[in-house]
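Respectively, the protein sequence lines represent chains A and B.
The numbering of the first sequence is my numbering, which starts it at 1 and goes up by one.
The numbering of the second sequence is my numbering, which starts it at 1001 and goes up by one.
If you are wondering where the hints come from, they were derived from the structure by calculation, not from laboratory data.
Misleading hints may appear alongside valid ones.
Stretch by stretch, here's where chain A covers chain B in the computed footprint (C-beta under 8 Å, at least three residues) [claimed, not checked]:
no., segment
1, 1099 to 1110
2, 1172 to 1182
In the DSS-like style, the derived pairs of lysine-lysine whose C-alpha atoms are separated by at most 27 Å in a straight line are [as the list claims (entries may be wrong)]:
no., chain 1, residue 1, chain 2, residue 2
3, B, Lys1074, A, Lys105
4, A, Lys105, A, Lys137
5, B, Lys1177, A, Lys137
Idealized CB from N, CA, C, for every residue including glycine.
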Amino acid sequence: MTPVARNRLFALGALLVAGAGLGFVAFGNIGENLVYYWSPSEMLAQGEKAYSATIRLGGVVQPGSIQWNAEHTTLHFRVANDANEGTASVLVRSTETPPQMFRDKIGVVVEGTYDASGVFSSNRLMVNHSNEYRAPKEGEDPNKWRETLSEGTTTASTGTGAEAR
Amino acid sequence: MNKLIKWGLPVVGLGVLAAGWWLGLAWAPPDREMGDVQRIMYVHVPLQWMAMLAMFLNFVAAVTYLVRSTASWKLDSTAEAAAEVGLVLGALGMVTGAIWGRPTWGVYWSWDPRLTSEAIMLVTYTGYLVLRRFVEDPDKRATWSAVVAILGAINLPIVWFSVRWWRSLHQVQSSPKTVDPQMVLCLRVSAIGLLLLTIAMLIHRYRIAMAERQAEVALPEALPGHGPAASVRDTPKVA
């Protein structure tokens, strides 16, 4: 075989392998085994299988559910499937300082464990931002929401567990 | 080389990039949710775009090298230059992404699909460059590394679509519809500036690679650890 033919064979082989690999990743449903996080309804559907293993739970902070206990520095909030009312949600307890953008209706991913008491103990709280970038509206100060956590939401923790509605 | 390209391109590129960043820092509004932290977008996003562009150039040069009927050192040098420049841009893009991630996500790093595929991409092209250093015969080096370049390139669409195919911490691509016009303008100016700089870097690195190839092919015995003349495929002189 001439070197040219050999090189073309190499090119063909490499392209075929690359194409097959890419096709497998794109259409091979490996996403089902590589889920970065579970939504609340998915986690609740797992039943006891979700208990005690370290998992990630992702969703939206249910509006009005944030409760910050300044005395014990614990944060409770509910992670819901989406911002609509009445979707499945899970109570999360975190002892970590939340990221600055943490607030009602924002996307969150929490890492930790879930158990029979129906409370998800988070040891890592992450906020995910949407792909929208907007200027502040009239009279809005983007630095202001930092104060919203310390005001008003300081109450004793509540103990309701999972709400799969 | 044309002086205009050698000096004009990097100077104009730096100027445009400086203008874009200045606009982004001083003129564009902050994001209503993130505040001023969002301004790192004008650094992070152009870096990642240009890294992808350079890696794609590497892929095109590798395929063309293998398909052509004569060994083209120009294509081999283009591939080398593109991989190296792309790796620098991609690494900087990852670092700026981590710096952005800490105040917004709360973490520098998480093994989400986008971040993981990006890490694999950087490791792949590091391996590509290591392979090139290990192989002394320029002919074998060009062929072997071209095959690695093609295999490594499957990751490029994976990196790009990872945020659409799978759930991730990283948000999906923005578009002018989801970004305010002032921010879009800053992003575009910064990206054009970095594009010019990237082209300048590519040209510079390409010329170094070509000089190396010429030395290797013309004076193989002058290279360290090399015995008799290296076997050069079908064109003994530089193509």
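Evaluation of the provided hints:
1. Counting residues of the segment 1099 to 1110 of chain B whose CB lies closer than 8 Å to any CB of chain A gives 6, which reaches the minimum of 3, so the coverage claim holds.
2. Counting residues of the segment 1172 to 1182 of chain B whose beta carbon lies closer than 8 Å to any beta carbon of chain A gives 8, which reaches the threshold of three, so the coverage claim holds.
3. Distance check on the hinted pair: Lys1074 (chain B) and Lys105 (chain A) sit about 54 Å apart at the alpha-carbon level, beyond 27 Å; violated.
4. For the proposed pair Lys105 (chain A) and Lys137 (chain A), the alpha carbon gap of about 18 Å is at most 27 Å, so the pair holds.
5. Note on Lys1177 (chain B) and Lys137 (chain A): the hinted pairing holds, with a Cα-Cα distance of about 17 Å set against a maximum of 27 Å.
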